[in-house]
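Visitor: As a plain string of letters, each chain reads:
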Amino acid sequence: MFKTFSRSFFPAAWLGWQIESNWTDPFLFLAFSIAKPIASVLILVFMYNAVSQAGPDSPIYSYIYLGNAFYIYVTEVMAGASFSILDDRERYRSLKYIYIAPVSIPIYLFGRAVARFTTGTIAVVITLVAGVLFFGVPFNPLGVDWPMFFAALALGIVCLAFMGIIIGSWTLIIRTEPWFVGEATAAALYLFSGAVFPLSILPVWLQPVGFLLPMTYWLELIRRALLGPGAAAFPTLSAFSNAELFGILMLIAVGFGIVAFVAYRYFDRRAREEGMIDAQSNF
Amino acid sequence: MSDQPAIKTENLGRIYKIRGAKKGEARQRVALADVNLEVPRGEFFGLLGPNGAGKTTLIKILTTLLAPSTGRAFVAGYDVARQPQEVRPRINMVSGGESSGYGLLTVRENLWMFGQFYGLDTKTTYARIDELLQIVGLADRARTKTSDLSTGLRQKMNIVRGFLTDPEVIFLDEPTLGLDVGASRDIRHFVRRWMDDRPGRTVLLTTHYMVEADELCDRVAIINNGRVLACDSPANLKRRLQREAIFKLEVSPLRNGVLAAFEQLPGVRKVVHSPQDGRSELDLILEADEALGGVVTALNTHGAHILNLQKREPTLEDVFVDLVGMSMTEAEKAGEQELMGG
Ligand SMILES: Nc1ncnc2c1ncn2[C@@H]1O[C@H](COP(=O)(O)OP(=O)(O)OP(=O)(O)O)[C@@H](O)[C@H]1O
Ligand SMILES: [Mg+2]
Numbered sequence: 001m002f003k004t005f006s007r008s009f010f011p012a013a014w015l016g017w018q019i020e021s022n023w024t025d026p027f028l029f030l031a032f033s034i035a036k037p038i039a040s041v042l043i044l045v046f047m048y049n050a051v052s053q054a055g056p057d058s059p060i061y062s063y064i065y066l067g068n069a070f071y072i073y074v075t076e077v078m079a080g081a082s083f084s085i086l087d088d089r090e091r092y093r094s095l096k097y098i099y100i101a102p103v104s105i106p107i108y109l110f111g112r113a114v115a116r117f118t119t120g121t122i123a124v125v126i127t128l129v130a131g132v133l134f135f136g137v138p139f140n141p142l143g144v145d146w147p148m149f150f151a152a153l154a155l156g157i158v159c160l161a162f163m164g165i166i167i168g169s170w171t172l173i174i175r176t177e178p179w180f181v182g183e184a185t186a187a188a189l190y191l192f193s194g195a196v197f198p199l200s201i202l203p204v205w206l207q208p209v210g211f212l213l214p215m216t217y218w219l220e221l222i223r224r225a226l227l228g229p230g231a232a233a234f235p236t237l238s239a240f241s242n243a244e245l246f247g248i249l250m251l252i253a254v255g256f257g258i259v260a261f262v263a264y265r266y267f268d269r270r271a272r273e274e275g276m277i278d279a280q281s282n283f
Numbered sequence: 001m002s003d004q005p006a007i008k009t010e011n012l013g014r015i016y017k018i019r020g021a022k023k024g025e026a027r028q029r030v031a032l033a034d035v036n037l038e039v040p041r042g043e044f045f046g047l048l049g050p051n052g053a054g055k056t057t058l059i060k061i062l063t064t065l066l067a068p069s070t071g072r073a074f075v076a077g078y079d080v081a082r083q084p085q086e087v088r089p090r091i092n093m094v095s096g097g098e099s100s101g102y103g104l105l106t107v108r109e110n111l112w113m114f115g116q117f118y119g120l121d122t123k124t125t126y127a128r129i130d131e132l133l134q135i136v137g138l139a140d141r142a143r144t145k146t147s148d149l150s151t152g153l154r155q156k157m158n159i160v161r162g163f164l165t166d167p168e169v170i171f172l173d174e175p176t177l178g179l180d181v182g183a184s185r186d187i188r189h190f191v192r193r194w195m196d197d198r199p200g201r202t203v204l205l206t207t208h209y210m211v212e213a214d215e216l217c218d219r220v221a222i223i224n225n226g227r228v229l230a231c232d233s234p235a236n237l238k239r240r241l242q243r244e245a246i247f248k249l250e251v252s253p254l255r256n257g258v259l260a261a262f263e264q265l266p267g268v269r270k271v272v273h274s275p276q277d278g279r280s281e282l283d284l285i286l287e288a289d290e291a292l293g294g295v296v297t298a299l300n301t302h303g304a305h306i307l308n309l310q311k312r313e314p315t316l317e318d319v320f321v322d323l324v325g326m327s328m329t330e331a332e333k334a335g336e337q338e339l340m341g342g
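Protein chains in written order, with the working numbering: chain X, 1 to 283; chain A, 1 to 342.
Careful: at least some of the hints might be erroneous.
Said to hold, decoys possible - Covered by chain X, per the in silico footprint, the following chain A stretches (three or more residues, Cβ under 8 Å):
1. 62 to 69
2. 98 to 109
3. 176 to 188
In short, the hints are calculated from the structure, not lab data.
Where is the CB? At the ideal position from N, CA and C, for every residue including glycine.
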């Protein structure tokens, strides 16, 4: 068990890091790690200023800013894990050789997801620093509940990696345009996870989607840890204590873990039946 | 399980669904049918067949990448469909004609990483990498980025990756495809030597180069259209044709259609015609030397001049012709035409 874990996880994380940090061109590195997150945050800041009369002092402002910043992890970790399995298959033509090795593919993907977490962190930190320095996001390092922050962050990343495993194994059996599935899912779930507006704004019949997603609770916990009492900008989850939110997130993590396991078993079987493990999708 | 054969298949079959088949076109293709093979440990086993014969399909099933449609297959005694986790630590595979690997990693890093997937410790891995790179003549490229290697060198790295884990059973799917003569020879020698140094290791090699099968393999299965037509040692396969006389003829160009007449001549088993520029090459399988007279007479009546005539020993290609009724090249063309719906 432990052996399978270590020989799947560590080389995968190492490979992921090699790929993600392969910035032979420092200009590209700057463009991707700084310009991209800053641009997306600027859009949000301008939209906020245009629409809201409340100004940057309102807790709603930091609610939105932080939600947006941490959502970067969703795209990086979840979409990244699912992207890497296609990358291995079609770009490096090596998925079949990894597949026949005595590794666990879900754990391998988990390793690749963790590597994405590392590079995602660069973008998140840059966005946060820019927020504090230039965009008036209130932040007091002494007021932050760091243990809670790191606990929530770790739990959230595990959930995102599970979701990446589900989407990644699903993309194995998609014949046309599997490349967009990961990012499309991340973009679609943006709506439901309370990143920029509270769930209560959604139509009632759509709200359950949001309540089933780990991101909803994860972002709330991250905000509470960073902002303290000021986090209660929206009342959606204010009835829950921190401990309760952790409990829910933990349950959801276990749930997604089970779903990821079952989904992988199912899609792996289908992929082998249909000969998809070394297939090339239509370009 | 070490008393179990290295490879065993029972009525193994594979059918591919054809997506987007139009009305009137076939909706599925039988890639393998009723394959029964048993390869004992320590054997160098070859699969010889034309393009589309089903060689890669068989390898994919045996390496746990593809599920069989019918029948069962065992590697080292374990069912490839039900116990892939038992099969995988014991095998490895190398396919030719593709460039795989992470271009941004160096040769050494690529190989080290694959060693990690098999749980090899770093010291052993590097020792083996250095040794194998030396043997295939890639030692001076160990620190080159894979993306900077030529196709042939990349294939050598791929071969090292396959042998790095010292597998009980290794599957080589046309490993020399696309390599030049020298590199192919190096690789054949390497594989042969690897086998000789390690009794009990098993190789399954697919190829459509008959020389490769003849030179390397203890036993060869001849496969066409998904079916195994014969399986024996190269010597025994050729012995089937021992009573026949085989001639190679070069004549001035022949018109189409005259060949059918030749096959009607008494004592003529099979004629394979390969047009070259400015002449025709004929391979004749005759029941006895005496039948040659009739062929020569027939050539004269068609106004063809004999440029060269040679009696030769049977090859595996002749065995294929004898079994299938056409040469491997003809079988490939026939397969293509079938695909075009012709
Ligand atoms: N994914 C697939 N979908 C449909 N048909 C397939 C698929 N893969 C292979 N086939 C068909 O199955 C048959 C056997 O193919 P296979 O690749 O096993 O042949 P091969 O002996 O390896 O040929 P080659 O020498 O060209 O590599 C061929 O007719 C091929 O077209
Ligand atoms: Mg093939």
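Visitor: All hints, please: hold or fail.
Guide: A quick look at each hint next to the structure:
1. Counting residues of the stretch 62 to 69 of chain A whose CB lies closer than 8 Å to any CB of chain X gives 5, which reaches the minimum of 3, so the coverage claim holds.
2. With 9 residues having a Cβ less than 8 Å from any Cβ of chain X, the stretch 98 to 109 of chain A passes the three-residue criterion, so the hint holds.
3. For the stretch 176 to 188 of chain A, the proposed coverage by chain X is not satisfied: 0 residues have a C-beta within less than 8 Å of a C-beta in that chain, short of the threshold of three.
When each numbered hint is compared with the structure, a violation occurs for hint 3 only.
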